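Engineer: The primary structure of each chain is shown beneath.
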Amino acid sequence: MLTLIAILVDGLIYSSYLFMVAVGLTVIFGVMKILNVTHGSFYAFGAYMSATLVGIYYQTDLPEFGGFLAIFGAALVVGLFFGVVLERGLLRFLYHRDEHTIVLATFAMFLVLEDVLLMIWGTDPYYATEPMGLLGFIDYEALSYDLYRLSFIALAIVVGLGLWLGLTRTKWGKILLAVIFDREISQAMGINVTVVFLVTFVIGSILGALGGAYIAPTISVSPGIGVEVIVLAFAVVVIGGMGSIPGAMIGSLLVGISRAAAVHKFPEIELFVIYAIMAAVLAFRPEGLFAPAQARKI
Amino acid sequence: MRHIDKTVVGLTIAFLALLFADFFMAEWMRFIGLQSLARGTVALGLLVLWRTGLVSFGHALYFGFGAYAAAMLTLLGYHDAFFLVFAGTLIAGLLAFLLGFLLRRYRAIFFALLNMAFSMILYGVIVKTEALGSTDGFSVLAPTFLGYAPEGEAVQTTLFLFTLVFTYLITLGVHLYLKTTLGGMSMAVRENEIRVEYLGYSAEKVIHFKYVLSGLVAGFGGAIMALAIGQVDPDSMANWTVSGEFVFITILSGIGNVAATFVGALVFELIRTYAFEYAPQFWQFILGGSLLAIIMFLPDGIWSVLSRLRKAEKAPSP
Amino acid sequence: MSVVLEVRDLQKTFGAVVAAKDINVTVNEHEIIGIIGANGAGKTTFVNMVTGYLKPTSGQIEFTGRNLIGLPPREITKLGISRSFQVPQVFMSESVFDNLLMAYAIAEETGMGLLSPLYNDERAERVDSHLRRYQIAEYRNATASTLPQGTRKLLDIAMAAVRKPTILMLDEPTSGISAEEKFGLMDIIMDALRLDDTTVLFIEHDMEIVERYVSRVLAFYQGEVICDAPTAEAMVDPGVREFVIGEEYHRTRTENGGSEHA
Numbered sequence: 170m171l172t173l174i175a176i177l178v179d180g181l182i183y184s185s186y187l188f189m190v191a192v193g194l195t196v197i198f199g200v201m202k203i204l205n206v207t208h209g210s211f212y213a214f215g216a217y218m219s220a221t222l223v224g225i226y227y228q229t230d231l232p233e234f235g236g237f238l239a240i241f242g243a244a245l246v247v248g249l250f251f252g253v254v255l256e257r258g259l260l261r262f263l264y265h266r267d268e269h270t271i272v273l274a275t276f277a278m279f280l281v282l283e284d285v286l287l288m289i290w291g292t293d294p295y296y297a298t299e300p301m302g303l304l305g306f307i308d309y310e311a312l313s314y315d316l317y318r319l320s321f322i323a324l325a326i327v328v329g330l331g332l333w334l335g336l337t338r339t340k341w342g343k344i345l346l347a348v349i350f351d352r353e354i355s356q357a358m359g360i361n362v363t364v365v366f367l368v369t370f371v372i373g374s375i376l377g378a379l380g381g382a383y384i385a386p387t388i389s390v391s392p393g394i395g396v397e398v399i400v401l402a403f404a405v406v407v408i409g410g411m412g413s414i415p416g417a418m419i420g421s422l423l424v425g426i427s428r429a430a431a432v433h434k435f436p437e438i439e440l441f442v443i444y445a446i447m448a449a450v451l452a453f454r455p456e457g458l459f460a461p462a463q464a465r466k467i
Numbered sequence: 009m010r011h012i013d014k015t016v017v018g019l020t021i022a023f024l025a026l027l028f029a030d031f032f033m034a035e036w037m038r039f040i041g042l043q044s045l046a047r048g049t050v051a052l053g054l055l056v057l058w059r060t061g062l063v064s065f066g067h068a069l070y071f072g073f074g075a076y077a078a079a080m081l082t083l084l085g086y087h088d089a090f091f092l093v094f095a096g097t098l099i100a101g102l103l104a105f106l107l108g109f110l111l112r113r114y115r116a117i118f119f120a121l122l123n124m125a126f127s128m129i130l131y132g133v134i135v136k137t138e139a140l141g142s143t144d145g146f147s148v149l150a151p152t153f154l155g156y157a158p159e160g161e162a163v164q165t166t167l168f169l170f171t172l173v174f175t176y177l178i179t180l181g182v183h184l185y186l187k188t189t190l191g192g193m194s195m196a197v198r199e200n201e202i203r204v205e206y207l208g209y210s211a212e213k214v215i216h217f218k219y220v221l222s223g224l225v226a227g228f229g230g231a232i233m234a235l236a237i238g239q240v241d242p243d244s245m246a247n248w249t250v251s252g253e254f255v256f257i258t259i260l261s262g263i264g265n266v267a268a269t270f271v272g273a274l275v276f277e278l279i280r281t282y283a284f285e286y287a288p289q290f291w292q293f294i295l296g297g298s299l300l301a302i303i304m305f306l307p308d309g310i311w312s313v314l315s316r317l318r319k320a321e322k323a324p325s326p
Numbered sequence: 205m206s207v208v209l210e211v212r213d214l215q216k217t218f219g220a221v222v223a224a225k226d227i228n229v230t231v232n233e234h235e236i237i238g239i240i241g242a243n244g245a246g247k248t249t250f251v252n253m254v255t256g257y258l259k260p261t262s263g264q265i266e267f268t269g270r271n272l273i274g275l276p277p278r279e280i281t282k283l284g285i286s287r288s289f290q291v292p293q294v295f296m297s298e299s300v301f302d303n304l305l306m307a308y309a310i311a312e313e314t315g316m317g318l319l320s321p322l323y324n325d326e327r328a329e330r331v332d333s334h335l336r337r338y339q340i341a342e343y344r345n346a347t348a349s350t351l352p353q354g355t356r357k358l359l360d361i362a363m364a365a366v367r368k369p370t371i372l373m374l375d376e377p378t379s380g381i382s383a384e385e386k387f388g389l390m391d392i393i394m395d396a397l398r399l400d401d402t403t404v405l406f407i408e409h410d411m412e413i414v415e416r417y418v419s420r421v422l423a424f425y426q427g428e429v430i431c432d433a434p435t436a437e438a439m440v441d442p443g444v445r446e447f448v449i450g451e452e453y454h455r456t457r458t459e460n461g462g463s464e465h466a
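Protein chains in written order, with our numbering: chain A, 170 to 467; chain B, 9 to 326; chain C, 205 to 466.
No lab work stands behind these hints: they were computed from the structure.
In this text, all values refer to a predicted model and were calculated from it rather than measured experimentally.
A virtual CB, placed ideally from N, CA and C, is assigned to each residue, including glycine.
There could be a bad hint or two in this list.
[Stated by the list, open to error] Derived coverage of chain B by chain A (criterion: at least 3 residues anywhere in the stretch with Cβ under 8 Å from a Cβ of chain A; other residues may be distant):
(1) 77-89
(2) 101-109
(3) 117-130
(4) 177-185
[Unchecked claim] Using 25 Å as the maximum straight-line C-alpha spacing, the simulated DSS-like pairs for lysine-lysine come out as follows:
(5) K386(C) - K213(B)
(6) K368(C) - K386(C)
(7) K202(A) - K340(A)
(8) K14(B) - K136(B)
(9) K434(A) - K187(B)
(10) K282(C) - K386(C)
(11) K282(C) - K187(B)
(12) K282(C) - K259(C)
(13) K225(C) - K259(C)
(14) K434(A) - K202(A)
(15) K213(B) - K282(C)
(16) K259(C) - K213(B)
(17) K187(B) - K213(B)
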């Protein structure tokens, strides 16, 4: 019983984390049809920036809870900067090229940014555990959870709900859906697709950076975290159906809880669980669980 | 309308020149040459897929499979290069044949990523398997060649000769294959699968065949690489960055001609060697930067520059 | 005349939408049949089912006595039913010649033959004569994407006809073609197909074309065949007049009254 609770809670925390890193990727893919490998860099930069800002913040005498502002501030700064620079400086020149080329361009950019990261922060790990200490722990029988990790769940729900409401309840959301459905007709009807793309990419970037920034206090921020995340996020997004937000949610839950179960029950297969799920889902539903509808071809 | 195939002539000349050069080459050049041939052969398979409109981000799977298969056979006491390379090639091809039944249903980015997922499974297995040396891998003893057991520099000289002959044959084979009906169907499947089906052939079958071909040559490249560097390890054989390097070579070379693939592989190997020599901390930066530059300014790869130069030469002066 | 295609009780539903209902059609050898109906009446769905692109919800399709249900398009093509498309499905970045060369190669090679060279002089000769038959020889080396709409449609149909199919189904061969060019285009197509005695079913919106080239009409309305009759009869059928042709037709018909048979 206790194991079951542990699996569920661990699973939910991990799922929330996965959702946070995958949702930005799926938003960008959904609107722009671009599989953005630099998402991993946004995540890594978000984490490093967060660790740095949190570190600086706690050297001042400002109120302790303001440390969270440093986290969100880091996500915003990183997301805005890279979002605008990459979309305006690189991607817009490639929209007319085929999708492989664009993925490769983002892959190339990812490689470049990996080394830029090392130039700025070096190879030593960073720790910024202060915000985690603030929230304390919660105990249940033999289990003990820190509230910071549990707050992932809340953040994922807020982000998920926010995106969903934004898409379905606002004028901007409607415009976005129109662009997703048919880019050319939207353009003909006077929608400024250039702006829509820029805004979408920046939102996706901020989400990616937020994933990194928010998890930073719980991990040792060190080289290589971007690679790990991009592979995970791909798997989640592919399982859920690329470009679908509910898909990203279901995909995260499926992977998160299975992985938690594996960790508790069969630790040796932990690494393969994600890929096994991915292969299984794709074998039966090639387009993922929640694939957007396809138009008639002939 | 019989005409001489310039690519065949060019390949043959290059083959004979290298064959001769093998005996005079500096050791480091031969080493770079071997790696270029190994990686170039893998890229050859990617070229065939690319012409079909498919990009794989996971061919390190077959490269690593071929390399580890050959290396593991040496642990069992087999040392003949012919046998090791043949087995590595075949077993990678077999894996491609099996996975092909699933993968041939996918296109575009799904195809690319599923390949990556499968390659990461192999990577995970290797890293977790202590018997295979985990992240350190293990070393591979020098091979013998049908009973001939060279020593010292002769090992590399013979291996280079061996690799050269087979790479030449494979490259020639792929070149001729591209001119057959099945080879030409790459274009047809890339351009319009619906039309292919309505002309009476299965696009999935076309893709499956090409996929197996790409798996075979990647296995070959892997087995050669294992023998060439005398070692296998997951990070340089099976990691996703290795797959990325193959894609890099393919895009650098362009898909215009099989010969370009080896030029691209050589350029890649040189960049790599010098980057590691002088600025190892900037390796990814250099790799990514050159990839971006090619994408932006040289979309059809090195070959397009060569053919443009040739056209300029032939054009009548005004 | 023998029956080549027999369709019985064909149904197709997409969720709650009925795209085809109780379709019963018998096609004889060498017939030229026009399929008419408003947009969304089920014409293309019918062609898609016969050629294997869509699987019917229920019903029978038999081609020269062979059951076609469940066969993929490529198998049906090999048996002898080909089709063209409303939006031409060609290899856009290739030349007209290479498009047809590939079409011939796929039609002619099987098994190990697929590993023989794509190009040979005899095949090129066949391609060139096919180009002349469809009067697109002047575009031989033009890239398909640069072709005028009418020429691209001809290429699409020429590719479908490469196998000399028993039945050829044309999906709106004249859509997107200017009124002046339509008859010229149809003349080329029909003359070319007549040489092989091909049975033709084509979807058409222009009643003048229907009247000139077709001996029998299938009229679709909301997924059903509401009229299956010789052309002259179909044109005066009240159902056809109300649901397919509409009132405006009367005017154009009297202007071209003399051109009723194909």
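Engineer: Are there at least three residues in the stretch 101-109 of chain B whose beta carbon sits under 8 Å from a beta carbon of chain A?
Structural biologist: Result for this restraint: violated, n = 0.
Engineer: Would you check the hint for K282(C) and K386(C), treating anything up to 25 Å between C-alpha atoms as holding?
Structural biologist: Violated, at about 30 Å.
Engineer: Quickly compare the C-alpha distance for K202(A) and K340(A) to 25 Å and report which way the hint goes.
Structural biologist: holds (21 Å)
Engineer: Regarding the pair K225(C) and K259(C), is the alpha-carbon distance no greater than 25 Å?
Structural biologist: Given that 25 Å is the threshold and the Cα spacing comes to 14 Å, the pair holds.
Engineer: Do three or more residues of the stretch 117-130 of chain B come closer than 8 Å to chain A, measuring C-beta to C-beta?
Structural biologist: Coverage by chain A holds here, the residue count being 10 at a Cβ distance below 8 Å.
Engineer: Run the distance test for K386(C) versus K213(B): straight-line Cα separation, threshold 25 Å.
Structural biologist: violated (39 Å)
Engineer: K14(B) and K136(B) were given as a pair; does the straight-line alpha-carbon distance stay at or below 25 Å?
Structural biologist: Given that 25 Å is the threshold and the Cα spacing comes to 48 Å, the pair is violated.
Engineer: Using C-beta distances, would you say chain A covers the stretch 177-185 of chain B, given that this needs three or more residues below 8 Å?
Structural biologist: Per the Cβ count (0), the hint is violated.
Engineer: Keeping to a limit of 25 Å between CA atoms, is the pair of K282(C) and K259(C) held or broken?
Structural biologist: The given pair, whose Cα atoms are some 18 Å apart, holds under the 25 Å limit.
Engineer: Please work out if K282(C) and K187(B) have their alpha carbons no farther apart than 25 Å.
Structural biologist: Judged against 25 Å, a Cα distance of about 24 Å means the pair holds.
Engineer: Given as covered by chain A, does the stretch 77-89 of chain B meet the bar of three residues or more with CB within less than 8 Å?
Structural biologist: That given contact is violated, which follows from only 0 residues of the stretch 77-89 of chain B lying within Cβ reach (below 8 Å) of chain A.
Engineer: K187(B) and K213(B) were given as a pair; does the straight-line alpha-carbon distance stay at or below 25 Å?
Structural biologist: Answer holds: K187(B) to K213(B) is near 18 Å, not above 25 Å.
Checked against the numbered hints above, the structure violates hints 1, 2, 4, 5, 8, 9, 10 and 14; every other hint is satisfied.
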